[in-house]
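K.L.:
One-letter residues, chain by chain:
Protein chains: 2
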Amino acid sequence: MSLLTVGSVAFDALETPFGKTDKIIGGAATYITLAASYFTKENNLVAVVGGDFPKEMIDLLEDHGVSTEGLEIVQDGKTFFWSGKYHEDMNTRDTLITELNVMEHFDPIIPESYQGTEFLMLGNTVPATQKLVIERMAKRPKLIMLDTMNLWMNIALDDLKSVLKLVDLITINDEEARQLSGEFSLRKAAAKIMAMGPKTLIIKKGEHGALLFQEDRIFFAPALPLEEVFDPTGAGDTFAGGFIGYLASTDDISFENMKRAIIYGSAMASFCVEKFGTERLVNLTQEEINARVQDFVNLSSFEIQ
Amino acid sequence: MSLLTVGSVAFDALETPFGKTDKIIGGAATYITLAASYFTKENNLVAVVGGDFPKEMIDLLEDHGVSTEGLEIVQDGKTFFWSGKYHEDMNTRDTLITELNVMEHFDPIIPESYQGTEFLMLGNTVPATQKLVIERMAKRPKLIMLDTMNLWMNIALDDLKSVLKLVDLITINDEEARQLSGEFSLRKAAAKIMAMGPKTLIIKKGEHGALLFQEDRIFFAPALPLEEVFDPTGAGDTFAGGFIGYLASTDDISFENMKRAIIYGSAMASFCVEKFGTERLVNLTQEEINARVQDFVNLSSFEIQ
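Here the protein sequences come in this chain order: H and F. Taking full-length UniProt numbering, I'd label the letters of the first sequence as residues 1 to 305. Taking full-length UniProt numbering, I'd label the letters of the second sequence as residues 1 to 305.
Source of the hints: derived by calculation from the structure; they are not laboratory data. Accuracy of the hints is not assured; some may be wrong.
[To be verified] Listed next, the in silico DSS-like pairs over lysine-lysine satisfying Cα-Cα at most 30 Å (straight line):
1) Lys55/F to Lys205/H
2) Lys55/F to Lys205/F
3) Lys205/F to Lys85/H
[As the list claims (entries may be wrong)] Among the chain F residues that face chain H by a calculated CB cut under 7 Å, a handful are:
4) Ser185
5) His208
6) Asp216
7) Phe220
8) Pro225
9) Arg292
10) Val293
11) Leu299
12) Phe302
We put the beta carbon where it would ideally sit given N, CA and C, even for glycine.
Kindly generate the complete structure, drawing on both the sequences and the hints.
P.N.:
Shown next as structure tokens:
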């Protein structure tokens with residue numbers, strides 16, 4: 001089945017305890033579509049960049065089977081730019097620069113050829129823009145998944161709540177789940193958030209794994225303990241991309257299959273953090289992915305006698 | 001098989017966002033032996049209390065099959081007393097009062113009838129005392145497990161390193177693992193700690209579960225997402241007690257069985273935090289434990305097709 005991803009394509013400049021980069025390709029939709037490309041063949045992208053965005057980066061997406069028909073290029077505009085520096089523990093970071101540039105007036109146009117896409121992934125961006133995308137789909141997708149962040153809870157909570165009513169699944173981190181619900185217990189938080197609209201909720205806990213909630217069911221997916229986290233940028237988006245890419249490729253949105261999808265998403269995220277930016281993500285083999293998924297099986301399987 | 005637990009039996013006074021207690025029974029060895037009592041029938045205790053320790057509390061242990069022959073009562077002394085207050089997030093707490101009392105001169109005498117015990121659990125206490133216990137065992141136990149904490153890394157690191165050489169398995173939390181090893185990555189930390197002596201290491205991550213390391217094998221056990229954590233006191237000791245009690249009852253120290261033991265330990269810990277102190281721990285049924293273990297199976301099982 002086909003996947004449509006809407007979100008940011010950007011330049012990132014990153015600094016971690018291991019080194020720093022110049023402007024490299026980044027943005028939620030970049031990580032999502034690249035991760036999903038290992039699963040689904042119909043991988044559609046709606047995003048906006050400026051005239052400064054190099055053709056090689058567009059080719060990189062196309063080479064991974066990502067359709068860039070929906071990638072708007074504003075010739076006299078500049079691409080969204082984010083720069084950040086990670087602290088020693090890799091769990092916290094400072095934003096050094098945020099230049100919205102062409103993202104400030106992002107008007108997501110859905111190409112005619114993308115209409116009918118069954119799986120819709122709304123990468124983290126302005127909630128009103130996410131809502132606009134849903135309204136512009138001629139036919140409601142089979143599954144709509146949304147990523148968001150604390151910024152929108154602070155400055156656009158009503159818009160966020162409005163779009164939450166329209167989606168099937170949302171993914172946020174533990175702190176955001178607590179902020180959105182006002183509950184410290186993640187179990188209570190999940191119940192409150194699901195009551196806002198989405199039937200399914202994924203709470204990401206970074207190095208501590210992820211929780212999948214649906215009705216009264218819970219699944220806990222571990223994170224792989226890594227020797228080294230080199231650069232966490234994009235890990236959450238890569239997780240989301242692997243997750244929804246797997247769902248789209250199997251065309252199965254049962255809870256059991258979502259459990260598998262979370263493991264695939266976690267495997268993709270575990271690759272992402274091994275190198276800067278998308279470096280590790282762009283040259284994976286199916287064998288590497290299968291072996292990594294097997295690591296997750298070994299890590300978490302046990303039998304009660 | 002039989003289990004010997006050496007550690008503190010104490011009075012605790014607790015304050016959480018949900019309420020506060022007067023002096024109730026506490027101490028590492030109390031939680032460990034109570035949790036283990038649901039698995040192993042030969043449950044031996046070496047500890048010290050003062051003349052102020054009520055007979056009902058000793059009867060409580062005896063009623064759970066814990067042998068208190070090794071419980072020294074210093075008639076003119078006072079029982080170890082700890083008082084603490086938990087913060088809103090339940091993950092951090094302030095110690096209000098610590099009165100070592102009779103624990104200050106704890107000389108662990110092993111009754112003759114305890115000699116030959118196959119499983120030895122050294123609850124968190126002065127490393128030199130833990131070492132003394134090992135030296136006083138006429139025959140080396142089949143498995144020696146040790147719990148410790150950051151305090152001993154700060155004030156008795158050489159003693160701690162000395163006893164680590166003599167034990168098979170240690171259990172510490174993630175922050176302590178990082179402190180002891182000087183490594184942030186838990187995988188690197190585990191390798192360094194295992195090089196200090198213990199072949200097996202459990203890193204407890206509280207609400208984020210636990211990691212079991214042995215040679216190049218890793219197992220990740222989830223924690224059950226709870227509606228409410230009422231009082232975390234003793235959760236780590238209860239986990240350790242359930243773990244080693246299960247190992248002792250099955251007399252199987254393979255890695256596969258340790259994975260099961262971690263699930264049983266986690267199940268016991270999940271009960272512990274539901275009420276103040278040992279309240280929930282003293283009246284469990286085997287059916288409740290089995291049902292809780294099944295919750296862990298449901299929480300973490302998935303199948304890759």
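K.L.:
Confirm or reject each hint.
P.N.:
Hint check results:
1. Between the alpha carbons of lysine 55/F and lysine 205/H the distance comes to roughly 46 Å, so the proposed pair goes past 30 Å and is violated.
2. In summary, the hint linking lysine 55/F to lysine 205/F is not supported, as the alpha carbons are separated by about 35 Å, beyond the 30 Å threshold.
3. Distance check on the hinted pair: lysine 205/F and lysine 85/H sit about 26 Å apart at the alpha-carbon level, within 30 Å; holds.
4. Restraint check, serine 185/F versus chain H: the minimum CB separation of about 6 Å is within 7 Å; hint holds.
5. A distance limit of 7 Å between C-beta atoms decides the matter here; for histidine 208/F the minimum to chain H is near 4 Å, and the interface restraint holds.
6. Violation of the interface hint for aspartate 216/F is found here, the shortest Cβ-Cβ separation to chain H being roughly 11 Å, above the 7 Å cut-off.
7. The beta carbon of phenylalanine 220/F is positioned within 7 Å of a beta carbon in chain H (closest approach about 4 Å), and the interface hint is therefore held.
8. For proline 225/F, the suggested interface contact is upheld, since its CB lies about 5 Å from the closest CB of chain H, less than 7 Å.
9. About 11 Å separates the beta-carbon of arginine 292/F from the nearest beta-carbon of chain H, more than 7 Å, and the hint is not met.
10. For valine 293/F, the suggested interface contact is upheld, since its CB lies about 6 Å from the closest CB of chain H, less than 7 Å.
11. Interface hint at leucine 299/F: satisfied, since its Cβ lies 5 Å from the closest Cβ of chain H, which is below the 7 Å cut-off.
12. For phenylalanine 302/F, the interface hint holds, the least distance from its beta-carbon to any beta-carbon of chain H being 4 Å, beneath 7 Å.
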